[in-house]
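Visitor: Those sequence lines, one after another, are chains A and Z.
Under my numbering, the first residue of the first sequence is numbered 15, with each subsequent residue one higher.
Under my numbering, the first residue of the second sequence is numbered 317, with each subsequent residue one higher.
Take the hints with a grain of salt, since some may be wrong.
The calculated SDA-like cross-link candidates involving lysine to any residue, where the alpha carbons are at most 25 Å apart (straight line), are [said to hold, decoys possible]:
(1) A:179 with Z:461
(2) Z:321 with A:433
(3) A:262 with Z:371
(4) Z:321 with A:31
(5) A:262 with Z:372
(6) A:262 with Z:394
(7) A:298 with Z:371
(8) A:262 with Z:395
(9) Z:321 with Z:474
FYI, nobody ran anything at the bench for these hints, they're computed from the structure.
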Amino acid sequence: MYRYDEFDTQFVRERVSQFRGQVERRLTGALNEDEFRPLRLMNGLYLQLHAYMLRVAIPYGTLSAHQMRQLGAIADKYDRGYGHFTTRQNIQFNWPKLKDVPDILDDLADVEMHAIQTSGNCIRNVTADPYAGVAADEIADPRPTGELLRQWSSNHPEFSFLPRKFKIALTGARADRAVIKFHDIGLRLVEGEGGQLGYEVWAGGGLGRTPMIGIKVRDFVPTADLLRYVEAIMRVYNAEGRRDNKYKARIKILIHEKGGEDFRAEVEQEFARIAHDPAAPVEKELARIQAFFAPPAYEALPAESEALAKAKLANPNFARWVRVNTRAHKAPGYTIAVISLKPKGGVPGDATGDEMRVMADAADAYSMSELRVSAEQNIVLPNVKASDLFALWQMLDRAGLASSNAELISDVVSCPGMDYCALATARSIPIAQEITERFAEPVLQEQIGPIRIKISGCINACGHHHVGDIGILGLEKTGAEAYQITLGGDPTESAAIGERSGPGFPAEGVVDAIERLIHFYLGRREDGETFKQTYHRLGHSVMKDALYASH
Amino acid sequence: MPLIKDGHFVADDWSRPVEGEPAVAGAKLILAFARLEAEASDLIEAGHAVGVEITNDTDPAALEPWFDRLALIVVPFPRAADGRGFSIATRLRRLGYRGELRASGHLIADQYTLARSCGFDTVEISDAQAARQPEPHWLEAEHAMSLAYQRGYGPLRNILGARWAAQ
Ligand code: SF4
Numbered sequence: 015m016y017r018y019d020e021f022d023t024q025f026v027r028e029r030v031s032q033f034r035g036q037v038e039r040r041l042t043g044a045l046n047e048d049e050f051r052p053l054r055l056m057n058g059l060y061l062q063l064h065a066y067m068l069r070v071a072i073p074y075g076t077l078s079a080h081q082m083r084q085l086g087a088i089a090d091k092y093d094r095g096y097g098h099f100t101t102r103q104n105i106q107f108n109w110p111k112l113k114d115v116p117d118i119l120d121d122l123a124d125v126e127m128h129a130i131q132t133s134g135n136c137i138r139n140v141t142a143d144p145y146a147g148v149a150a151d152e153i154a155d156p157r158p159t160g161e162l163l164r165q166w167s168s169n170h171p172e173f174s175f176l177p178r179k180f181k182i183a184l185t186g187a188r189a190d191r192a193v194i195k196f197h198d199i200g201l202r203l204v205e206g207e208g209g210q211l212g213y214e215v216w217a218g219g220g221l222g223r224t225p226m227i228g229i230k231v232r233d234f235v236p237t238a239d240l241l242r243y244v245e246a247i248m249r250v251y252n253a254e255g256r257r258d259n260k261y262k263a264r265i266k267i268l269i270h271e272k273g274g275e276d277f278r279a280e281v282e283q284e285f286a287r288i289a290h291d292p293a294a295p296v297e298k299e300l301a302r303i304q305a306f307f308a309p310p311a312y313e314a315l316p317a318e319s320e321a322l323a324k325a326k327l328a329n330p331n332f333a334r335w336v337r338v339n340t341r342a343h344k345a346p347g348y349t350i351a352v353i354s355l356k357p358k359g360g361v362p363g364d365a366t367g368d369e370m371r372v373m374a375d376a377a378d379a380y381s382m383s384e385l386r387v388s389a390e391q392n393i394v395l396p397n398v399k400a401s402d403l404f405a406l407w408q409m410l411d412r413a414g415l416a417s418s419n420a421e422l423i424s425d426v427v428s429c430p431g432m433d434y435c436a437l438a439t440a441r442s443i444p445i446a447q448e449i450t451e452r453f454a455e456p457v458l459q460e461q462i463g464p465i466r467i468k469i470s471g472c473i474n475a476c477g478h479h480h481v482g483d484i485g486i487l488g489l490e491k492t493g494a495e496a497y498q499i500t501l502g503g504d505p506t507e508s509a510a511i512g513e514r515s516g517p518g519f520p521a522e523g524v525v526d527a528i529e530r531l532i533h534f535y536l537g538r539r540e541d542g543e544t545f546k547q548t549y550h551r552l553g554h555s556v557m558k559d560a561l562y563a564s565h
Numbered sequence: 317m318p319l320i321k322d323g324h325f326v327a328d329d330w331s332r333p334v335e336g337e338p339a340v341a342g343a344k345l346i347l348a349f350a351r352l353e354a355e356a357s358d359l360i361e362a363g364h365a366v367g368v369e370i371t372n373d374t375d376p377a378a379l380e381p382w383f384d385r386l387a388l389i390v391v392p393f394p395r396a397a398d399g400r401g402f403s404i405a406t407r408l409r410r411l412g413y414r415g416e417l418r419a420s421g422h423l424i425a426d427q428y429t430l431a432r433s434c435g436f437d438t439v440e441i442s443d444a445q446a447a448r449q450p451e452p453h454w455l456e457a458e459h460a461m462s463l464a465y466q467r468g469y470g471p472l473r474n475i476l477g478a479r480w481a482a483q
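Pulled out of the complex, with its shape left as it was, chain A reads as follows:
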């Protein structure tokens, strides 16, 4: 993992004391609310429905056991004993007091963390494949580039007051688990001629009220040129992005209105103008960062663990958890384990201080002290020996953290909705809870197979409903909540935006409708088909009719 040097530390500490001063000046009135807002947002502080909310960055989704423990301590000390992991690999604390925030930021700085640029119209915390560095299907670890981008975008003098927020996601793998085609900039590591590493660059993707799949701006940018290329995109956007209407201010609209060809040409022209800095080769800094991400010393282990096989035979619940919640690791005898934060009836992504400590202990004991946060709002232990899985599962199970549902129907992604968010038009958490209860039966869940249900509490789409196999959007219709369902969305390399199904459902009817659809799918699926495959074979109109079957 990356470790701060004296300069990173000084930078973060100075930002904290700068913010302390800004809070004081807001309280004296030297800064009015309009002036203070972008400053507090750039330090992660939102004004929610009932209170302030502090969003803490977990750069490229990687954190240490030590850091996780500190998040737990902050939840207990300054909040109501829990935190909420988000689809953008951040953690949100829902109840901090404004006066405590500078102290929280200091506590974060103690463990090399911050809340810089988790909100506001600036370059946001960079996200990445949660399995980066360990996935079996990876070309190379994208996190060194993620760290380079984190540093480069921090307090950027030119790009801190953009037309709108700006999100960058990275992956180094063949499968896209970082949703890169729905980001302002999406970067995919590829091998160029002669094995040289570089990035395929996508831009202009996004969800929100105008969902769009990004366009490919360039097939290949060598890693050493990447910062200059991103700078060129940012400069074109900062100069030309719309500022007259906040709903048209994202880069996707600029690209859409300008046309992909013109946009590309302008970026290329700007890129050509930005000179190489011979005194500061990016390669040198990248090499320094890369050393922090060198693969750990893996033991030479047999690909199959006998102990694991035995434990699975003896304990079917454990066997199910292994089947559902582990993923292929690049080193033989190791595995990637997903800790689901979607227990039956729980709030998706929430974890208590105690749970954070258990996960930290689990990482220390079984995952080389490292954890990840995924876009599915789960926690990942990236380096677990297959032979340790049983002990790990027992530890998680005792803490209620062993739900076997990763990527299954009850692994619901949901935004906070009306329970917290000032912009919400409907509740989303209760719908998520009802789904996890309705489909709690583990055998049924496995039978249904992989499926993504995603819920947003308003058209801003923080719950990514556009890219769910089943997307649920909560709206308000004549005083009552109405839930609109979209089908066929896909956040991966085969990106697709879900199609609307028809009239919405009341809160009491939406989970029934989903259940009808699931039963229809189970009845009509062919051997081994996933929900997505059946959807594509039968087509949207057949599938959507199943939602309304009893109407």
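Start from chain A and add chain Z with the ligand according to the hints.
Guide: Positioned in the frame of chain A, the structure of chain Z with the ligand alone reads:
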């Protein structure tokens, strides 16, 4: 309107001449970009220092032919949240403009270091804003951050440079 230079409030010796009225001899004059072509050459000949005030959708490259003759370029900030001026300044400096660069409008003390890093020398704000954010705020803001990660921007100490020097 108060003018800030090096963290201090200073007198502004530039003025914006009203179209059609004769200029006071020796005055330093800021013209709107649209008037530059027609009026600048004569004024410079008559011994005036000439600056230009652009709008924030002006292409910086359009000013390039004027760089040698302009002593000041004024870039507007209609709202503190509108950061287009930062990119305009960066482009002007990279195109080779060496004269004074001024940010004018709504820019708060907390953006002062960013503005200077992008190449601005001076900041011009409203009287009302200056009353809320007096000189000490600007001086303090100048020292809030001492380090920057980005290369190619001034004047903060560059972290990459410092890092490599320490190795
Ligand atoms: S989707 Fe809407 S309700 Fe949900 S968190 Fe985003 S803004 Fe709030």
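Visitor: Would the hint linking residue 321 (chain Z) and residue 433 (chain A) be met if the CA-CA limit is 25 Å?
Guide: violated, 48 Å
Visitor: Do the alpha carbons of residue 298 (chain A) and residue 371 (chain Z) lie within 25 Å of each other, as the hint requires?
Guide: Roughly 40 Å separates the two Cα atoms, so the pair is violated.
Visitor: Holds or violated: residue 179 (chain A) with residue 461 (chain Z), Cα cutoff 25 Å?
Guide: holds, 23 Å
Visitor: Does the alpha-carbon distance linking residue 262 (chain A) and residue 394 (chain Z) stay inside the 25 Å limit?
Guide: Judged against 25 Å, a Cα distance of about 19 Å means the pair holds.
Visitor: Is the hinted pair residue 321 (chain Z) and residue 474 (chain Z) satisfied, with a Cα-Cα distance of at most 25 Å?
Guide: holds, 22 Å
Visitor: Holds or violated: are the alpha carbons of residue 262 (chain A) and residue 371 (chain Z) at most 25 Å from each other?
Guide: This hinted pair holds, its Cα atoms lying about 21 Å apart.
Visitor: Please work out if residue 262 (chain A) and residue 395 (chain Z) have their alpha carbons no farther apart than 25 Å.
Guide: It holds: about 18 Å lies between the C-alpha atoms, which stays within 25 Å.
Visitor: If you draw a straight line from the CA of residue 262 (chain A) to the CA of residue 372 (chain Z), is it 25 Å or shorter?
Guide: holds, 19 Å
Visitor: Between the alpha carbons of residue 321 (chain Z) and residue 31 (chain A), is the straight-line distance 25 Å or under?
Guide: holds, 24 Å
Going down the numbered hints, you'll see the structure goes against 2, 7, while the others check out.
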